[in-house]
Amino acid sequence: MSPIKKAQEKILFSSGQPMHLQVISSQVTRLDGLVYDTQFVQCGTGKGSVCVAFDDAGRLLLGKHWRAALRGESLEFPRGRAMAEESPEDCARRELYEETGLEVQEATLLTKIHGDTGLLRDEVCIVACRVSYPVSSDMGDGEFSSTSWASPEEFKRLVLEGCVSDALTISAFLIWELWKLS
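The sequence shown begins at 1 in the UniProt record's numbering and counts up by one.
Just so you know, the hints here were simulated from the structure itself, not pulled from any lab data. Here the structure is a predicted model, which means the values were calculated and not measured. Idealized CB from N, CA, C, for every residue including glycine. Take every hint as true, because none was put in to throw you off.
Calculated lysine-lysine pairs in the DSBU-like style (CA-CA distance at most 35 angstroms, straight line):
no. : residue 1 : residue 2
1   : LYS156    : LYS112
2   : LYS5      : LYS47
3   : LYS47     : LYS6
4   : LYS64     : LYS156
5   : LYS10     : LYS112
6   : LYS64     : LYS112
7   : LYS112    : LYS180
8   : LYS156    : LYS47
9   : LYS47     : LYS64
10  : LYS180    : LYS64
11  : LYS5      : LYS112
12  : LYS6      : LYS112
13  : LYS180    : LYS156
Label pairs and their calculated CB-CB ranges:
no. : residue 1 : residue 2 : range
14  : ARG157    : GLY46     : 28 to 36 angstroms
15  : PRO152    : ALA68     : 25 to 33 angstroms
16  : ARG157    : VAL28     : 38 to 46 angstroms
17  : ARG30     : SER148    : 47 to 55 angstroms
18  : LEU34     : GLN105    : 51 to 59 angstroms
19  : GLN105    : LYS64     : 23 to 31 angstroms
Go ahead and model the full structure; you've got the sequences and the hints to work with.
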């Protein structure tokens with residue numbers, strides 16, 4: 001049973017399109033009567049997909065993406081926010097095509113995770129996508145400055161060396177590895 005009796009929310013900030021970022025305050029009342037305030041962020045629908053794109057050899061597709069929050073590039077899996085009523089698999093297909101020009105042969109929803117349960121209201125779907133190699137010469141919409149393939153062992157090395165530091169990418173890799181074992 002939840003220790004929460006009720007939670008009342010109000011929007012503190014709401015931006016316009018295309019991000020539609022909201023900062024929400026929630027006044028939480030616990031069953032023991034304690035009342036406290038907390039805040040969290042939601043972007044758009046709060047839903048999105050991470051695309052674990054792999055080829056027939058089991059290599060994983062990584063892209064270099066410039067991230068304003070980091071003030072630099074990040075090596076990560078393709079991903080993006082879902083459009084209204086878009087399935088996780090369709091979101092992954094669309095994002096992969098937009099960012100790399102690649103088409104998905106087969107998409108499998110592996111699971112759903114949350115990026116930061118204390119700060120973000122989100123639902124991130126991890127989708128395994130079998131694709132054809134090589135990467136299309138069409139670099140999609142330009143979000144990635146470059147792409148590369150890495151074996152699972154190379155990916156692990158990139159994580160340990162700090163070259164891959166994106167938590168969603170690392171989580172998606174772990175989930176993909178566990179899925180392959182099942």
